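So the sequence lines, in the order shown, correspond to chains A and B. Following our numbering, the numbering of the first sequence begins with 29 at its first residue and continues without gaps. Following our numbering, the numbering of the second sequence begins with 468 at its first residue and continues without gaps.
Keep in mind that a hint or two might mislead.
What the hints assert, rightly or not - Listed next, the in silico SDA-like pairs over lysine to any residue satisfying Cα-Cα at most 20 Å (straight line): (1) A/K52 - B/K474; (2) A/K117 - A/G414; (3) A/K304 - A/G414; (4) B/K543 - A/A84; (5) B/K474 - B/G546; (6) B/K504 - A/G82; (7) B/K504 - A/A40; (8) A/K312 - A/V299; (9) B/K504 - B/R545; (10) B/K474 - A/T225; (11) A/K436 - A/E392; (12) B/K600 - B/K504; (13) A/K400 - B/K600; (14) B/K504 - A/D59; (15) A/K56 - B/K600; (16) B/K504 - A/I55; (17) A/K312 - A/S295; (18) B/K504 - A/A396; (19) B/K543 - B/A582; (20) B/K513 - A/P357; (21) B/K600 - B/G516; (22) B/K543 - A/A396; (23) A/K30 - A/D59; (24) A/K52 - B/H477; (25) A/K400 - A/A374; (26) B/K513 - A/G241.
No lab work stands behind these hints, which were simulated from the structure alone. These numbers were taken from a predicted model, which means no experiment stands behind them.
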Amino acid sequence: MKLNDEERDILAGKAGPVPQQALKHQIKVGDFFAARDFVPVTQAHIMADTESLGEAGVQWLEGLAATTEGEHRVRIPTITDPRGTDFAKADWLGQTSAMVDLERRAIVAFEKLGVAMTNTCINYQTIQPPTRNEHTAFGDTGVVIYANSVCGARSNFEGGPSALSAGLTGRTPRYGFHLPEQRRGSLRIQVDHTPATLNGWGGLGGVIGRLAGNYWAVPVIEGIEGAPRSDQLKHFGASMASFGSIALYHIVGLTPEAAKLSDVAASDLPVHRVTKADVEALQKSYHTDDTVDVVVFSAPQLSLYELGDLAALCDGRTFSVPMLAVTSPQVKPDSDRMGYTARIEAAGGHVLSGMCFYQSYAREISEARGWKRLATNSAKLVNILGGYGYRPMLASMEACVEAAATGKLVRT
Amino acid sequence: MSARIFKARHAMGPVVRGPALVANDGFSARYDLDRIKGVFSRPAHKLAGQSYVGKILVLDTAKGGVATAWMLHEMKSRGIVPLALVLNSVNPILAQGAALGDVAMLAGFDEDITAAIPNGAVVEVNPAEGWLKVG
C-alpha cells in the first residue's frame, strides 16, 4: 500500500506502539485486498461481544489498553455494538459470573482506549446516521448495509479488530465499498410485492441475500412501492446481510445512489424475479413446530416505534412463555418514560438493553433456560440461531405475541 | 496422481499442510460452528457434524456477520481452529480474522476450488507464493 508521511511515521512507531500495531493490522488486510492506499474515516463502530472475543480477545484488548506510551486512545468518535449481556438481567438469562466478569473487563479496556460504550446496533437510528459519501469504519453487518444503502455512506464490514484499528489510526484501507466502481449493481432483482410486516421485509431481504450470494454482489432492486420506513429497511438490510453477507443494495427510485436504474447498473445485468411466494416459502421453511419455549424480539435492537407497537399488542395479555424485547441503551430510557416498558412487563415480558440475543452466549442461555423452540419476527435471528442449537421460527410481531400468550405459534 | 497447483489472487498467513475438508457451502464461525466441540453445527450446512480442527477448509464463500474477525483468534488460542481457510471468495471479515489470528488463507481462483480439490486430500497451502498444491 502507498503510505503518506503520517502513515509512515505511525508505522515507524513515532506515534507509539498502539497506533503502530493498529496500522500494521490494517496494512495486512489492505494488502490482501490490494488496497492502493488509506482513506480517512470519520466514525468507527466496534462489534466486540465477549462470546466472540473469548478470554484471548479480552487479553488482547487489555494489552492494548495497558499501554501508556505515545497515543493510546482513539482519534475519531468510536462506539460499540451490543455487549454480551444486560447486567441487570444476566442472572435471569442464566449467564454465569465468568461471562459477566469477562464483559466487565472488556468494557474497562475499551474505556481506557477512549471508546464510547454505546452498545447499539442501530446507531444509524439513535446516535448519528452517516451522510452520503461519508467514509466510515462500521462493524455489525446490519449497520454497514444500512449506512451504505440507505444513507449512501461508504464502509466495508469492519470486524472488531479492524474497526478498533480504524478508530486508533483515523483511517482504513481503501478497497471494497470505499471505491465507486465496487458500488455498481451486479444483479437486478424484480420483486412483485412490497412487504407490510417487519418479518416480511426480513424475509424478502433473506431471499435476496441468498440469491446474491456473496459480499461483493450488489443487488439492484425494482418494484418496491411507496417509501419504506426506517425500521422496515433495518430488518430488510440486516437480513440480506445475514443471509448473503451483502453490504450494499440499491432500490431504484428510492436509495440515494439509484435515482434511476442506469445510475447504478448496466442494462445487461442478469435479472432475477422474487415473488411473495418465495418469501412465504422461506418463512415456512423455519416453521418446524407449533409449540414455542421462548419469544424474542431482537436483531436488530428495537426502535422506540417498535417498542410502542409491541406495548400495544401486550395490553391485556398474560404470557405463558418468556418474551424478551431487546433494545439499545439510548431507546430504553424513552421506552421507560413513555410507559412502553411497564406495559410489556405487565404482560410478563422482559425489556433488555445494550445486548443482542445472538451475541449474548445464546447456546449457553439455551442450555441454562431450556429454550430451543424460539419464535421471532427477525429473519436475521432465525438465520443465525440454528447453529446455536435452537429451532428458530419466523412470524409476525402479532403472531409472536400470541405465541407468548398461548405457547403455540399459529401457522400462516 | 500428479501434483496440481492452484494459484490464488489473495493470500496471507503461514505455510501449512494437512487434510482438506471440502464442501460447496459458505463459512461463518458464528453461524456454522460449535466452537467448543470443534464441529460444524448448523444443521443445514453440508459439513454439519464434522470436525474442522486441524483441517484445511475448502469452501465457497464467506457468510454471515462480523464475529469471525474475533473468533479465529479465540479459536486459535484454544487450539480448536482450522489449519487454513481456502475459499472461492472471502469478505473483509474473514481476512481481518485471519490477520489477527495468523491463520493461513487463500481466496480467488480461476476455477471453483471446491470442485477441484477432493475431500480428504492432503494439500499444501503457501500464502507467501499464493498457491495451493494437491497430490
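Going through the hints against the structure:
no.	hint	in the structure
1	A/K52 - B/K474	violated (25 Å)
2	A/K117 - A/G414	violated (24 Å)
3	A/K304 - A/G414	violated (24 Å)
4	B/K543 - A/A84	holds (9 Å)
5	B/K474 - B/G546	violated (28 Å)
6	B/K504 - A/G82	holds (15 Å)
7	B/K504 - A/A40	violated (42 Å)
8	A/K312 - A/V299	violated (25 Å)
9	B/K504 - B/R545	holds (11 Å)
10	B/K474 - A/T225	violated (47 Å)
11	A/K436 - A/E392	violated (24 Å)
12	B/K600 - B/K504	violated (29 Å)
13	A/K400 - B/K600	violated (43 Å)
14	B/K504 - A/D59	violated (33 Å)
15	A/K56 - B/K600	violated (23 Å)
16	B/K504 - A/I55	violated (33 Å)
17	A/K312 - A/S295	violated (34 Å)
18	B/K504 - A/A396	holds (18 Å)
19	B/K543 - B/A582	violated (28 Å)
20	B/K513 - A/P357	violated (39 Å)
21	B/K600 - B/G516	violated (27 Å)
22	B/K543 - A/A396	violated (27 Å)
23	A/K30 - A/D59	holds (10 Å)
24	A/K52 - B/H477	holds (18 Å)
25	A/K400 - A/A374	violated (25 Å)
26	B/K513 - A/G241	holds (16 Å)
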